[in-house]
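J.: Chain residues, written in single-letter form:
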Amino acid sequence: MSVYPVFRASALILLLQLTGCAAIVTEDKAAPVEDLRTRHEGLIPDKTQPPQPGTEGVVEVPPELRERAIARDQSAPVFMTPAVVALVRDAEQSLHSESYGTAVATYERALRLEPRNGVLWHRLASVRLKQGKPQLAAQMAAKSNSFAGKDDRLRLWNWRLIAQAREQLGDHQGAKEARQRAAELKSRSR
Amino acid sequence: MPRKKTPKRRPARRLPQKPRRWLRAILAVALLSVPSAVVYVVYLDYSIRRDFEGRRWALPARVYARPLELYAGLRLSSQDFATELEDLRYAPDPSLRFSGTYTGKGKAYIVHARGFQFWDGAEPARRFKAVFRGTHLAGLTSHPAGKPLGLVRLDPPLIGSIHPAQHEDRILIKLDQTPHQLVAALLAVEDRAFFSHFGLNPKAIARALWVNIKAAGVVQGGSTLTQQLVKNFFLTSERTLWRKTNEALMALLLEWHYEKDEILETYLNEIYLGQDGSRAIHGFGLASHYYFNRPLEQLRLPEIALLVTLVRGPSYYNPRSHPERARKRRDLVLDILQAQGTITSDQAQKAKAAALGVSQRPPLGTTLYPSFIDLVRRQLRDDYREEDLASEGLKIFTTLDPRVQDAAEATLSERILSLERRRGLPARKLEGAAVVTSSEGGEVLAVAGGRHARYAGFNRALDAVRPVGSLIKPAVYLTALARSGEYSLITLLGDDPLRLKDAKGMIWSPQNFDHKSHGKVTLETALAQSYNLATVRLGLAVGVENVIDTLRGLGVRRGLQPYPSLLLGAAALTPLEVAQMYQTLAAGGFYTPLRAIREVLDAQGKPLQRYELTVRQTVDPAAVYLVTTAMQEAVLRGTGKSLYWKLPKALAVAGKTGTTDELRDSWFAGFTGDRLAVVWLGMDNNQPAGLTGANGALQVWGDLMGRLHPQPLKPVMPGNVEWARIDSATHLLADDHCQSAVEYPFIQGSAPGQYAPCAKGVVSGKTDKVRTWLRSLFE
Chain V
-4 MSVYPVFRAS ALILLLQLTG CAAIVTEDKA APVEDLRTRH EGLIPDKTQP PQPGTEGVVE
56 VPPELRERAI ARDQSAPVFM TPAVVALVRD AEQSLHSESY GTAVATYERA LRLEPRNGVL
116 WHRLASVRLK QGKPQLAAQM AAKSNSFAGK DDRLRLWNWR LIAQAREQLG DHQGAKEARQ
176 RAAELKSRSR
Chain W
2 MPRKKTPKRR PARRLPQKPR RWLRAILAVA LLSVPSAVVY VVYLDYSIRR DFEGRRWALP
62 ARVYARPLEL YAGLRLSSQD FATELEDLRY APDPSLRFSG TYTGKGKAYI VHARGFQFWD
122 GAEPARRFKA VFRGTHLAGL TSHPAGKPLG LVRLDPPLIG SIHPAQHEDR ILIKLDQTPH
182 QLVAALLAVE DRAFFSHFGL NPKAIARALW VNIKAAGVVQ GGSTLTQQLV KNFFLTSERT
242 LWRKTNEALM ALLLEWHYEK DEILETYLNE IYLGQDGSRA IHGFGLASHY YFNRPLEQLR
302 LPEIALLVTL VRGPSYYNPR SHPERARKRR DLVLDILQAQ GTITSDQAQK AKAAALGVSQ
362 RPPLGTTLYP SFIDLVRRQL RDDYREEDLA SEGLKIFTTL DPRVQDAAEA TLSERILSLE
422 RRRGLPARKL EGAAVVTSSE GGEVLAVAGG RHARYAGFNR ALDAVRPVGS LIKPAVYLTA
482 LARSGEYSLI TLLGDDPLRL KDAKGMIWSP QNFDHKSHGK VTLETALAQS YNLATVRLGL
542 AVGVENVIDT LRGLGVRRGL QPYPSLLLGA AALTPLEVAQ MYQTLAAGGF YTPLRAIREV
602 LDAQGKPLQR YELTVRQTVD PAAVYLVTTA MQEAVLRGTG KSLYWKLPKA LAVAGKTGTT
662 DELRDSWFAG FTGDRLAVVW LGMDNNQPAG LTGANGALQV WGDLMGRLHP QPLKPVMPGN
722 VEWARIDSAT HLLADDHCQS AVEYPFIQGS APGQYAPCAK GVVSGKTDKV RTWLRSLFE
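In the order they appear, the protein sequences are chains V and W.
Per the numbering used here, the very first residue in the first sequence carries number -4; after that it's consecutive.
Per the numbering used here, the very first residue in the second sequence carries number 2; after that it's consecutive.
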């Protein structure tokens, strides 16, 4: 969406300041990639923000997102727009109360705003899996992976999800392979 | 019986035989006719109830466009925002007391948004302030508190209704939503005693009779609204005594079965108020649109009076053809209202002074977007019967973006006109179609079925099955590139003449567009420049059947002939089908069925069905990435390069031109970061339009995208793709020392292993700066 150039620019500036670099002249391809891939970090509700009415204390943050919060680099700027953060909160709430249809609708709404957000695709895949649609869940996890770039942790979640989906489909060999991919990613991230 | 000779004495008192016979006959008839009368009345009863309930319970489906979602940072001009408010019929009102109002203009608006029940929850009515800066919505805050709002979803604009084929169009109105002045005027003029009579009004009939006798003509009617309603149900308008009796009986029966309110409401929706060619205008809801281009609730007193005028004779008092007559009677209606005390003399005076106010030309149909609604109907047909669609009051939420639709219609129509003139084509013959979708989500944002998009005629976007020409080529190259062991973007192909013999012994000798052969060319160049000879050779090498498999993977469902001519696009598809095919490319190899509908709710707002986002990886994403790169090259330096005369290069558009034999069809299909569009131009009678893809459809595409401000394209690079710098002379790996080098993406393992001789050379060269910059955009 149109916010990306603005956020990307400000992120770049912030990074420059933090790392104390002077003006970057050469094309450092590594730096821009990192910024884009940390977009999902804004998912965790910012404690300094006042809670939206009706959501105080209700949202249960899923385990993988909780891990992310701990590992979160405090200096990395937040990319997910407040609009999408609010939708994710609503979606997770619906998921928590087992209104899967509503959760799906809300995630689809979020995806209309940020169609290439790998975390949104991953969360939608999770809801699909909970709904008993392993085939679709696995495809959405694959779609999420396509946007993961260098984000190994997102890939890890996706491969775990794909493994679960394949188990549900009776594809034990495929599930094993998926678990292996996840294990490789886990060891790489250490 | 012969008369007996009677004696002189007086006979006993006895009825004569003949009269007894007659009496017996009369009694017999009377007795027999009672059951048949009863049967007849029962039949009338059944028939009037069926008609009445058929009308009453038939609620058409209401179709909505996408709701506009507002958030700070959204690319939205204040002009487009104003248009959206107009579509939604928001009224300017500084007090902002009611929802559906706004104040301000230009840089800042304060809006009292209507609440709306969506599938996933209720959006509350609320007041907010929207501040615009240039091309973006810069600030979104609650009003008057000023707290920042994350996301505001406006109510979705109503774009049309779906009616059953056999019923005419209606815009159904509810009694409690009808302006009270309309009801008052109607009753005052047509049936003052409506709420107290029993279906017929003997006093009114007597009075009318008396007045008509005095005037020696028919000046006044004595029929009640109920009788008029019954009359409306009949298809012909005979005025025989028999018909009138029937109508009277049926009016009585109606009143017996139904409440006054129900009858009045049905009347408001059924009364015949005009004729639009072959389409009859029934009901005040539709009449309001037909005469004034506005919904009933927005009409003012003089306009309401005019509609009531029409009840007595829609053609006689047609304001467009007999304005004087219409005006006179309208004023009479106003006088009656004033005499009754319903309006003040001041109001009456002002209203009489007002012009008739009818719109110059009646709007065409009840929807502005017939081509899109057509697609909606077809997608619903699989899940709903036509009767349910048209009668259950369903609410259908679609993916249409009215701003994108407006842009598609305008650019198609303007550019076609301009091409016609500049190229001296016969007037009004050139036609076209356009489809626009969201590239990741597969939602259909706009469908233009022809150059006059507002007319519900032949829907070319969905039904014009035309040979696609070179648009098919990406599928050929995709098939090849998926075999990374054999092909890469720098694989050399021979763009040399060839002759093929088919089963019948006929020779097929394809030609390039410029009738030249280009010798050895890279695979990428062959696609970017759309060389036919190289493409056919490649396609034959990988197998036409395999190309068909790829097309199936891309989502093409239509039958395809497995002949070599398929490789040059002898296959015919509709613009929508082409959009589906390119959608899979735009989504990185994930097939997403195109959707025009998001969800369906029932009349009470309960969720019925969702049309959900689904994805399925059907073609190799790495191969898609390579083909997309080649299609970006096609627009940068290939057959599509004139696009960048009007659009910024930073968009990095991926696209393909398509031209068919003798220039009968002109195509362009392409996508940016968030939008995909397919444009076709041609003649309905299949005569050559004389346009190539580049000088025809591409021009429309460029105009269209120019108005949409799309995101630049940054194709997702799969993990098994890497870029390498290649020396143009030797097609081996290059470094800074090579004179001319270009960067290409490769599937892992398919890049050349050797370095070019220049790589160890001394002369410092320059790399293809544009290409390097392009690549940096999507990393």
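Certain hints may be false.
[As the list claims (entries may be wrong)] Stretch by stretch, here's where chain W covers chain V in the computed footprint (C-beta under 8 Å, at least three residues):
#1 78 to 87
#2 128 to 138
#3 161 to 167
#4 172 to 183
[To be verified] Listed below are the simulated SDA-like cross-link pairs for lysine to any residue, each with C-alpha atoms no more than 25 Å apart in a straight line:
#5 V:145 / V:107
#6 V:128 / W:302
#7 V:145 / W:713
#8 V:145 / W:612
These aren't lab readings, by the way, just hints derived from the structure by calculation.
Predicted model only: the values in this text are computed from it and were never measured.
C-beta atoms are modelled at their ideal positions from N, C-alpha and C, and glycine is treated no differently.
J.: Taking the hints in turn, state whether each one holds.
T.: Status of each hint after checking the structure:
{"no.": "1", "hint": "78 to 87", "in the structure": "holds (count 5)"}
{"no.": "2", "hint": "128 to 138", "in the structure": "holds (count 5)"}
{"no.": "3", "hint": "161 to 167", "in the structure": "violated (count 0)"}
{"no.": "4", "hint": "172 to 183", "in the structure": "violated (count 0)"}
{"no.": "5", "hint": "V:145 / V:107", "in the structure": "23 Å, holds"}
{"no.": "6", "hint": "V:128 / W:302", "in the structure": "58 Å, violated"}
{"no.": "7", "hint": "V:145 / W:713", "in the structure": "21 Å, holds"}
{"no.": "8", "hint": "V:145 / W:612", "in the structure": "33 Å, violated"}
In the structure shown, a violation is registered for the earlier hints numbered 3, 4, 6 and 8, in ascending order.
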